[in-house]
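Student: These protein sequences, in sequence, are chains B and D.
Okay, so the first sequence: first residue is 3 according to this note's numbering, each after it adds one.
Okay, so the second sequence: first residue is 20 according to this note's numbering, each after it adds one.
It is worth saying that the hints were derived from the structure and are not from the lab.
Remember, predicted model here, so these are calculated numbers, not experimental data.
Fair warning: there could be bad hints in the mix.
Take a look, some chain D residues computed to stay more than 10 Å from chain B by CB distance [to be verified]: (1) M20; (2) T22; (3) T38; (4) E108; (5) G110; (6) T153; (7) G193; (8) L249; (9) T313; (10) R316.
Selected chain B positions facing chain D (in silico; Cβ < 8 Å) [as the list claims (entries may be wrong)]: (11) D108; (12) E186; (13) Y276; (14) G348.
Heads up, the beta-carbon is just placed ideally off N, CA and C, and yes, glycines get one too.
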Amino acid sequence: MMLEEGVGKQILASAGVCVPASVVVSTPEEAAEAAVSVGLPAMVKAQVPAGGRGKAGGVVHAVTPEDARAGADRLLGSALFGFPVERVLVEPCIDHDAEYYGAVLDDPLQRSPVLLCCGVGGVDIEERERTHPGSVQRLVADIGSDVDPADLHALAERAGIPAERVTAVADMLAGLWACYRSTEAELVEVNPLVVDAAGTAWALDAKVALDESAFARHPELQQLLGDGQAQPAGTPLEEAARQRGLMLIELDGDVGIVANGAGLTMASLDVVVYYGGRPANFMEVGGDNYTRADSAMEVVLSNPNVRSVLVNFCGAFARADVMAEGVVDALVRHPGHVPVFFSIHGTGADEGIACVRQRLGVEPYPVMDDAVQAAVAAAKEAQL
Amino acid sequence: MTTSIVPASDDDVLIQGITGRQASFWTGMMLRAGTPVVAGASPGRGGRQVEGLPVYDTVGDAVARHQVGTSVLFTPSSATRDAAVEAMEAGVRRLVLLAEFVPRHDVLSIMEVARRTGSRVVGPNTAGMVVPGTHSLGIMPGFSNEVFRTGPVGVVSRSGSLGTLICLELVSAGLGQSAFVGVGGDPIVGTTTREAIEELADLPGTRAIVIVGEVGGVMEEDAAEAVSKLDVPVVAFIAGRSAPPGRRMGHAGAIVTGGRGTAEGKVAALSDAGAVVANTPRIAAITVAGALATDNRMNSSARSA
Chain B
3 MMLEEGVGKQ ILASAGVCVP ASVVVSTPEE AAEAAVSVGL PAMVKAQVPA
53 GGRGKAGGVV HAVTPEDARA GADRLLGSAL FGFPVERVLV EPCIDHDAEY
103 YGAVLDDPLQ RSPVLLCCGV GGVDIEERER THPGSVQRLV ADIGSDVDPA
153 DLHALAERAG IPAERVTAVA DMLAGLWACY RSTEAELVEV NPLVVDAAGT
203 AWALDAKVAL DESAFARHPE LQQLLGDGQA QPAGTPLEEA ARQRGLMLIE
253 LDGDVGIVAN GAGLTMASLD VVVYYGGRPA NFMEVGGDNY TRADSAMEVV
303 LSNPNVRSVL VNFCGAFARA DVMAEGVVDA LVRHPGHVPV FFSIHGTGAD
353 EGIACVRQRL GVEPYPVMDD AVQAAVAAAK EAQL
Chain D
20 MTTSIVPASD DDVLIQGITG RQASFWTGMM LRAGTPVVAG ASPGRGGRQV
70 EGLPVYDTVG DAVARHQVGT SVLFTPSSAT RDAAVEAMEA GVRRLVLLAE
120 FVPRHDVLSI MEVARRTGSR VVGPNTAGMV VPGTHSLGIM PGFSNEVFRT
170 GPVGVVSRSG SLGTLICLEL VSAGLGQSAF VGVGGDPIVG TTTREAIEEL
220 ADLPGTRAIV IVGEVGGVME EDAAEAVSKL DVPVVAFIAG RSAPPGRRMG
270 HAGAIVTGGR GTAEGKVAAL SDAGAVVANT PRIAAITVAG ALATDNRMNS
320 SARSA
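Please construct the entire structure, taking both the sequences and the accompanying hints into account.
Tutor: Structure below.
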């Protein structure tokens, strides 16, 4: 879960990292007042949980209170990367002559945490590594141990940080490491990281991603977040699914899809597209959700764009018979909507197929590709 | 030296968390598939029996009385780290972690202990592994001969449901599996796709590899680097080609961010390395059957020449 910059900076500050004294506000007038109180010139920054805001026009440099007011007025109520901008962060500008980069994250191939440092910051760091291989230096660390300060010094030196600033940057990296471990973060990234004339290292931006699976054991973070995180605005159909405890992503097609398991559900969408159809949604009823296929079917049927439905089950842990029964229950409760095409395999398939046959008088397809082609053809026919 | 992914045919199995409802059910299914499950461990439940198997309070108690090569963990996500470390400290060298939503830092801790002890960790968030005829380790229908039969194909999948369908299509196409390895749907898993295909390609019965990948992460790109070095044909299916960017597609690991982890990137990396990337699971199975038939003809013409 990516955090907004303001919350990320609070977390960094509590780990001893220097961040500019900022204020988060939600009206243009407050932004003007905040700019005066933090000190001009100031930055006014849209608060959405995504990187690359500067390039996307989400950051305004304010020399006067009126600049701050006008900037906030433009940002508030707009949308950035699909998130509504409801708050802006106002902070003083910190004078600097160079920008660096520092981060701690999980490395999925090493299966270890890794610290990153680069002597050039304020840019897309992946792009930088592509165009200048070796410019981003790495240090693989142990999740259960402290990092040796000497190793952090060496990392900053390798990354090309000027000698007189190595200690300040290494201290910043130590702070990021402490923050990463204490919050069980997936990512703690500072870009740009700068050092002022007095030799103090500052985090001018903060990208902190927390692990939702670890959230339950961090009441302090839950309190910090409250309900002040921007959520991507869901469509009414997505909200209806969420209220039933299901995760649905609405797409612009007409073939509704109910499948189990993330992989099989994605594959169902792909195969619909491969055979010339347009999927109406992503929604999986796998894992512990497999007993709720009736709700899932009802949500899919409630989409007015749906012209046919593909039911694609392959039982492993999720039993195909239980899911088929749920879907059939929903179709019996809401008869006559649109044609439904079944492919049922794996654990509990025989019972599931029998249930569909007996209660709906419909014959499931022995091959998934055939069920998909039939669903695609039916949707096309209905559109004629 | 890290323990192999695939167990030896006589490798005995322990179930941690065996007294839970799902664990009891799936222990029965594993036994039905012929798996040599010998015991269970559940704290505070020692002395009971599940499916006729003895249950112990600790892994230590279980290994004192049984030769355990593999432990399958049905523990809840929050208890998985401690249970995994307990098993490794007690000398169990192969773990299958089924739980979804294990905190990432717990996975990193587990992997630190695994590196220190030379243990093999598969998962978390995996449906498990199947070696047809000898082992079904987890929540896969290893008991079904419509899905699993002994055969020449090594299958590696991030997904249980899609992996099951591909295995079923392989059997429909007249083939079977040397082994199925579910590596898991999380961003960080103990065994990577690359490690799994390298080991499966080396199994004596393997004559083809199927990679079942999906959007998100870099495991398929990493595996592609190994594909050209394998001496068996590789067929892949990548799920999520129609996934909208920035949305998490059901698996924690299945998300395209900042142009990375895209299906196109994975398809290109695998194709460039010489794998055939199929458009549907059925086409994947037919492609494998075709490759093996060509292989057979070449072998027989080589023999007759």
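Student: For every hint, state whether the structure bears it out.
Tutor: We went through each hint and held it up to the structure:
1. Annotated as non-interface, M20(D) keeps its C-beta farther than 10 Å from every C-beta of chain B; the closest such distance is 17 Å.
2. No Cβ of chain B approaches the Cβ of T22(D) within 10 Å, the least distance being about 15 Å, so the stated non-interface status holds.
3. Consistency note on T38(D): stated as away from chain B, and its beta-carbon is indeed over 10 Å from all of that chain's, at 18 Å minimum.
4. Under the 10 Å C-beta cut-off, the non-interface status given to E108(D) relative to chain B holds; the minimum distance is some 14 Å.
5. Here G110(D) stays apart from chain B, with its beta-carbon at least about 21 Å from theirs, past the 10 Å limit.
6. No beta-carbon of chain B comes within 10 Å of the beta-carbon of T153(D); the shortest separation is about 19 Å.
7. Chain B leaves G193(D) outside its interface by the beta-carbon criterion, the shortest separation being 14 Å against a cut-off of 10 Å.
8. At the 10 Å boundary, the C-beta of L249(D) stays outside the reach of chain B, the nearest C-beta of that chain being 19 Å off.
9. The non-interface label for T313(D) is consistent with chain B: the shortest C-beta to C-beta separation is roughly 23 Å, beyond 10 Å.
10. Every C-beta of chain B lies more than 10 Å from that of R316(D), the closest at about 27 Å, which supports listing it as non-interface.
11. Interface restraint check for D108(B): the shortest CB-CB distance to chain D comes to about 6 Å, inside 8 Å, so the restraint holds.
12. Because the smallest distance between the Cβ of E186(B) and any Cβ of chain D comes to about 5 Å, under 8 Å, the interface hint for this residue holds.
13. Here the hint on Y276(B) is kept, as its CB sits about 5 Å from the closest CB of chain D, short of 8 Å.
14. Contact between G348(B) and chain D, as hinted, is supported at the beta carbon level, the nearest pair being about 5 Å apart and thus within 8 Å.
In summary, the structure agrees with every hint in the numbered list given earlier.
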